[in-house]
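Colleague: Residue-level listing of the chains:
Number of protein chains: 2
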Amino acid sequence: MDSGELEHPPAEELQVGPILLALADDNRRRVVAELYERSDGERLCASFDLPVSKSSRTRHWRVLREAGLVHQRSIGNGLYMRLRKDDLESRFPGLIQAVVGAP
Amino acid sequence: MDSGELEHPPAEELQVGPILLALADDNRRRVVAELYERSDGERLCASFDLPVSKSSRTRHWRVLREAGLVHQRSIGNGLYMRLRKDDLESRFPGLIQAVVGAP
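Listed in order, the protein sequences are those of chains A and B.
Residues 1 to 103 in the working numbering are what the first sequence spells out, letter by letter.
Residues 1 to 103 in the working numbering are what the second sequence spells out, letter by letter.
Please note that a few of the clues may not be correct.
[As the list claims (entries may be wrong)] Covered stretches of chain A, going by a simulated chain B footprint (3 or more residues, C-beta under 8 Å):
hint, segment
1, 73-83
2, 89-103
[What the hints assert, rightly or not] Taking CB as the label site, the calculated pair distances span:
hint, chain 1, residue 1, chain 2, residue 2, range
3, A, Gly17, B, Ser55, 46 to 52 Å
4, A, Gly17, B, Pro9, 22 to 28 Å
5, B, Glu7, A, Tyr36, 28 to 34 Å
6, B, Pro51, A, Leu6, 31 to 37 Å
7, B, Glu7, A, Glu34, 31 to 37 Å
What the hints contain is simulated information worked out from the structure, not anything from laboratory work.
Beta carbons: idealized from backbone N, C-alpha and C, even for Gly.
Please put together the full structure from these sequences, using the hints given.
Modeller: Next up, the structure:
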């Protein structure tokens, strides 16, 4: 699987509803917050320590990706993820910062 | 019914998860956006023109109120609603502005 097989909505089509729904979940919001701190780079999806089943993890990645919050790609045997920080900031200025900074 | 009978979480207990979940819905987000424009005052709940049933409207008001986005009170026979703008801005700086300004 390469990144071309994964659905990534274009930046100009990102919708705030699915973005907010994706961010409403505590686990997904934690992943976004951790990626936000290192958005210059990518992180191995498997490296996130979430207290959920493997199938739930897979679903969380899909929700994040389809909402347009993250970009995923395969390198070797690993699936990597990065926050689409520039796309998000351009379309929803201040939103991600406000969410990840929330108490 | 006076406002004392309606549950309004205190400002210091507002949680971002329920706030985002409440805002993820298009109708509720529209209500918040309209209140944001006139947050100096209140608006009659019945004055919002939502394309949903009466029971759905009632549920939307409850979700908004329990998340801490709005304050509701009865005056005479009418139920009024205002955005808790100061509480929200104090606890989640920039969040509501980013959401209501989203395309």
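Colleague: Against the earlier hints, flag every one the structure doesn't satisfy and list their numbers going up.
Modeller: Numbers 1, 3 - these are the hints that the structure violates, sorted from lowest upward.
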